[in-house]
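Quick note, the sequences are listed as chains A and B, same order.
So the first sequence is numbered by my numbering: it starts at 1 and just counts up by one.
So the second sequence is numbered by my numbering: it starts at 1 and just counts up by one.
Hints are computed from structural coordinates only; laboratory data are not their basis.
Keep in mind it's a predicted model, so treat the numbers as computed, not measured.
Glycine included, every Cβ here is placed at the ideal spot set by N, Cα and C.
Hints should not be assumed to be uniformly reliable.
[Stated by the list, open to error] According to the in silico footprint, chain A covers these stretches of chain B (three or more CB under 8 Å from chain A): (1) 70-81; (2) 140-150; (3) 263-276.
[Stated by the list, open to error] Cut-off 20 Å, straight-line C-alpha distance, at most; resulting in silico cross-link-like pairs (SDA-like, lysine to any residue): (4) A/Lys15 x B/Gly280; (5) A/Lys211 x A/Thr225; (6) A/Lys337 x B/Gly280.
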Amino acid sequence: MAAVDTTNPEAGPPKIALWNDPQARALFFQIIVLGGLLILGAFIVKNTMDNLERAGIASGFGFLNTTAGFAIGYSPFVHYDEKNTYLMSLTVGLLNTLLVAGLGIFFATIFGFIVGIARLSSNWLVAKMALVYIETMRNIPLLLQIFVWYFGVLRQLPGPRQSVVFSDTFFLNIRGLFSPKPLPQDGFSIVAVVFVIAIFGSIALNIWAKKRQNETGRIFPAISTSIALLIVLPLIAAALTGFPLLWEYPVLKGFNFRGGLEIPPELVSLTLALSTYTGAFIAENVRSGITSVNKGQTEAAYALGLRPGQTLRLVVIPQALRVIIPPVTSQYLNLTKNSSLAAAIAYPDIVLVFGGTVLMQTGQAVEIIAIVMAFYLFVSLVISMFMNWYNQKMALVER
Amino acid sequence: MNALPHDSEPGHHPDLAPPATNTGVVGWMKENLFSSPANAVLTLIAAYLIYALVPPVLNYFILDAVWLGDNSDVCRNETGGPIAAACWPFVKVWFKALMFYRYPTEELWRIYITYILFAGSLLALVLPGVPGKKWVALFLLTVFPVLCFYLYLGGSFGLARVETADWGGLFLTLVISVTGIVVSLPVGIILALGRRSKMPVVKAVCVAFIELWRGVPLITVLFMASVMFPLFMPEGVTFDKLLRVLIGVSLFSAAYMAEVVRGGLQAIPKGQFEGAMALGLNFPKMMVFIVMPQALKIVIPGIVNTFIGLFKDTTLVSVVGLFDFLGTVQSASSNPDWLGFLNTGYAFAALIYWIFCFSMSQYSQHIERKLHTGH
Numbered sequence: 001m002a003a004v005d006t007t008n009p010e011a012g013p014p015k016i017a018l019w020n021d022p023q024a025r026a027l028f029f030q031i032i033v034l035g036g037l038l039i040l041g042a043f044i045v046k047n048t049m050d051n052l053e054r055a056g057i058a059s060g061f062g063f064l065n066t067t068a069g070f071a072i073g074y075s076p077f078v079h080y081d082e083k084n085t086y087l088m089s090l091t092v093g094l095l096n097t098l099l100v101a102g103l104g105i106f107f108a109t110i111f112g113f114i115v116g117i118a119r120l121s122s123n124w125l126v127a128k129m130a131l132v133y134i135e136t137m138r139n140i141p142l143l144l145q146i147f148v149w150y151f152g153v154l155r156q157l158p159g160p161r162q163s164v165v166f167s168d169t170f171f172l173n174i175r176g177l178f179s180p181k182p183l184p185q186d187g188f189s190i191v192a193v194v195f196v197i198a199i200f201g202s203i204a205l206n207i208w209a210k211k212r213q214n215e216t217g218r219i220f221p222a223i224s225t226s227i228a229l230l231i232v233l234p235l236i237a238a239a240l241t242g243f244p245l246l247w248e249y250p251v252l253k254g255f256n257f258r259g260g261l262e263i264p265p266e267l268v269s270l271t272l273a274l275s276t277y278t279g280a281f282i283a284e285n286v287r288s289g290i291t292s293v294n295k296g297q298t299e300a301a302y303a304l305g306l307r308p309g310q311t312l313r314l315v316v317i318p319q320a321l322r323v324i325i326p327p328v329t330s331q332y333l334n335l336t337k338n339s340s341l342a343a344a345i346a347y348p349d350i351v352l353v354f355g356g357t358v359l360m361q362t363g364q365a366v367e368i369i370a371i372v373m374a375f376y377l378f379v380s381l382v383i384s385m386f387m388n389w390y391n392q393k394m395a396l397v398e399r
Numbered sequence: 001m002n003a004l005p006h007d008s009e010p011g012h013h014p015d016l017a018p019p020a021t022n023t024g025v026v027g028w029m030k031e032n033l034f035s036s037p038a039n040a041v042l043t044l045i046a047a048y049l050i051y052a053l054v055p056p057v058l059n060y061f062i063l064d065a066v067w068l069g070d071n072s073d074v075c076r077n078e079t080g081g082p083i084a085a086a087c088w089p090f091v092k093v094w095f096k097a098l099m100f101y102r103y104p105t106e107e108l109w110r111i112y113i114t115y116i117l118f119a120g121s122l123l124a125l126v127l128p129g130v131p132g133k134k135w136v137a138l139f140l141l142t143v144f145p146v147l148c149f150y151l152y153l154g155g156s157f158g159l160a161r162v163e164t165a166d167w168g169g170l171f172l173t174l175v176i177s178v179t180g181i182v183v184s185l186p187v188g189i190i191l192a193l194g195r196r197s198k199m200p201v202v203k204a205v206c207v208a209f210i211e212l213w214r215g216v217p218l219i220t221v222l223f224m225a226s227v228m229f230p231l232f233m234p235e236g237v238t239f240d241k242l243l244r245v246l247i248g249v250s251l252f253s254a255a256y257m258a259e260v261v262r263g264g265l266q267a268i269p270k271g272q273f274e275g276a277m278a279l280g281l282n283f284p285k286m287m288v289f290i291v292m293p294q295a296l297k298i299v300i301p302g303i304v305n306t307f308i309g310l311f312k313d314t315t316l317v318s319v320v321g322l323f324d325f326l327g328t329v330q331s332a333s334s335n336p337d338w339l340g341f342l343n344t345g346y347a348f349a350a351l352i353y354w355i356f357c358f359s360m361s362q363y364s365q366h367i368e369r370k371l372h373t374g375h
């Protein structure tokens with residue numbers, strides 16, 4: 001030790017000037033950034049306060065409890081009329097956004113997977129058609145596609161009397177899409193309870209089957225059994241209670257349809273545009289996911305004696321999903337954010353109802369924009385958290 | 001060698017051409033369209049779909065369409081209603097409005113000059129083997145925007161002033177998207193560096209900024225820009241509507257650009273940073289001379305893709321009352337003389353947007369293939 005210790009212990013590390021010390025510099029820089037932000041924030045807050053005061057607008061969220069005084073064209077989940085408060089109109093807009101985003105995600109996933117697989121088809125015609133679909137959809141702005149569906153297609157449909165009819169149950173006309181509406185009767189709750197029991201039963205069955213396969217290697221046809229369980233049990237319950245579900249069909253009375261489920265053209269066109277547009281992006285993600293699985297994996301599975309269906313289900317898809325899920329998550333997020341384009345065709349979503357009408361009526365710009373942005377941030381967070389959880393679950397399949 | 005198969009000795013069969021059903025068109029069809037019964041069914045379904053979709057579309061937009069004329073009368077049937085086909089004189093009559101909206105016709109040369117300059121510099125950047133790409137890029141990012149600003153707005157150097165309320169059409173779409181990308185590139189680089197910084201305050205600020213903008217839809221950003229920016233300013237300071245939208249769009253795309261650039265930074269091996277530090281370069285020099293040239297080259301496809309997204313997203317500005325390309329199409333179609341020709345307008349808009357976006361995405365894929373030389 002003594003031989004190594006040739007330097008003077010009193011000297012310590014070499015002295016550096018304060019402005020050359022990385023730590024001091026970092027501290028200094030961060031103080032400047034923070035200070036600058038605080039000054040900017042104070043400037044903005046002060047100006048906003050002054051401006052609001054001058055315009056005679058009280059800040060705060062008290063306005064939410066005032067009567068709204070305007071009607072909303074479409075509110076499928078909760079009752080809403082002019083006498084309700086702004087809080088209620090926020091709820092309606094929020095639910096409408098969630099409705100269109102949910103429908104869009106559902107259909108976009110179906111479209112995306114079909115087109116993505118078609119894109120990889122060994123059938124030349126099918127593959128090329130999928131390619132044309134993808135390249136057309138991806139390269140035309142979504143707003144234009146919404147306009148085409150809404151103004152170009154649905155708004156040019158004939159009136160209710162000349163509706164486009166699908167097998168006498170669905171009617172499409174300028175007022176929207178009319179479909180039969182399920183009417184639960186007495187005893188429907190029993191069927192619902194049986195269905196829930198069937199769901200839990202099949203989950204338990206799957207867990208048991210997996211455990212048995214891990215221990216003994218014997219395969220139990222869990223998936224087909226669960227499907228049978230899910231269909232047969234509620235069917236038996238329904239038969240015993242005398243099929244307690246009636247369908248209310250839309251009927252043409254006078255100039256419009258009465259009864260049934262009325263889906264406004266705004267919702268139809270928005271759902272169509274969002275799902276076909278996002279579907280094209282998902283298709284590309286699906287394609288790249290499937291091509292990312294090495295061909296050797298398929299060949300090895302065949303060599304082990306797995307049938308093509310099993311190969312796909314047990315070998316290719318679990319590996320492809322790991323590549324597919326992250327980009328598809330961001331597509332879901334994009335779809336949810338893009339659903340705000342509803343405002344352009346007057347579908348009463350949160351942006352139109354709250355960021356539009358309520359803002360115009362109250363002038364509470366700061367609060368309203370903050371609520372709308374917070375809502376989207378929250379939804380983004382929830383979707384990405386859910387998909388992260390699912391992604392982790394899938395990633396564990398690896399080894 | 002001309003002997004027939006049964007004439008030849010065992011083991012000395014000549015090489016014969018494959019059967020006619022395995023070559024040429026028939027063989028190709030057999031392999032690619034009818035390789036199995038399921039494939040044959042798919043082919044038939046696809047062929048039916050094409051038969052059902054393509055001829056009507058072709059008829060509507062090309063064969064039955066009216067191509068010549070100077071007013072909407074040529075597109076009307078005996079009863080005065082619009083014909084059931086595309087009416088291309090719509091585009092001819094409204095062409096100037098769709099391209100430039102109300103920008104004065106006698107001042108259009110200013111826009112043309114910048115278009116030519118822009119196209120020329122872009123060509124120089126894109127074509128391989130053109131020298132001085134760095135200087136062209138620098139010109140596009142610094143001198144060109146300033147030049148455009150003075151030329152478009154006028155009011156100085158003896159040019160007549162053209163209010164931004166008169167800007168519109170495809171011109172405005174290009175102004176907004178190009179401004180967005182030019183501003184968002186440097187801001188995005190700074191944000192990406194901040195996000196990777198070891199300074200906690202800087203990192204937190206950058207992460208919060210990026211995630212906030214990426215989490216909300218552009219339409220709320222535009223609403224914010226149009227209703228909240230005026231509130232933020234002291235009394236008497238007014239912002240031009242276009243300027244507000246430009247700021248909103250730039251901040252929004254800067255957040256996306258930051259993530260693209262961060263991807264590039266992450267792809268640079270640590271040795272490059274360490275090597276630069278070992279050579280005694282300070283942080284700015286390390287970034288400018290060593291890291292950024294490599295990182296930005298990798299993310300060119302990502303930047304182009306961001307630009308495509310931004311280009312398509314500019315359509316949203318019509319929601320806050322600016323007349324971009326789609327907005328002018330929409331307003332031209334609602335002109336009383338031209339009611340009923342909406343589809344023509346949409347088809348034209350779709351075609352233009354498609355050409356722009358498709359060519360850009362092809363370029364980005366080309367670059368990606370060129371960069372992907374590893375294996």
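Checked hints:
| no. | hint | result |
| --- | --- | --- |
| 1 | 70-81 | violated (count 0) |
| 2 | 140-150 | violated (count 0) |
| 3 | 263-276 | violated (count 0) |
| 4 | A/Lys15 x B/Gly280 | holds, 18 Å |
| 5 | A/Lys211 x A/Thr225 | holds, 16 Å |
| 6 | A/Lys337 x B/Gly280 | violated, 46 Å |
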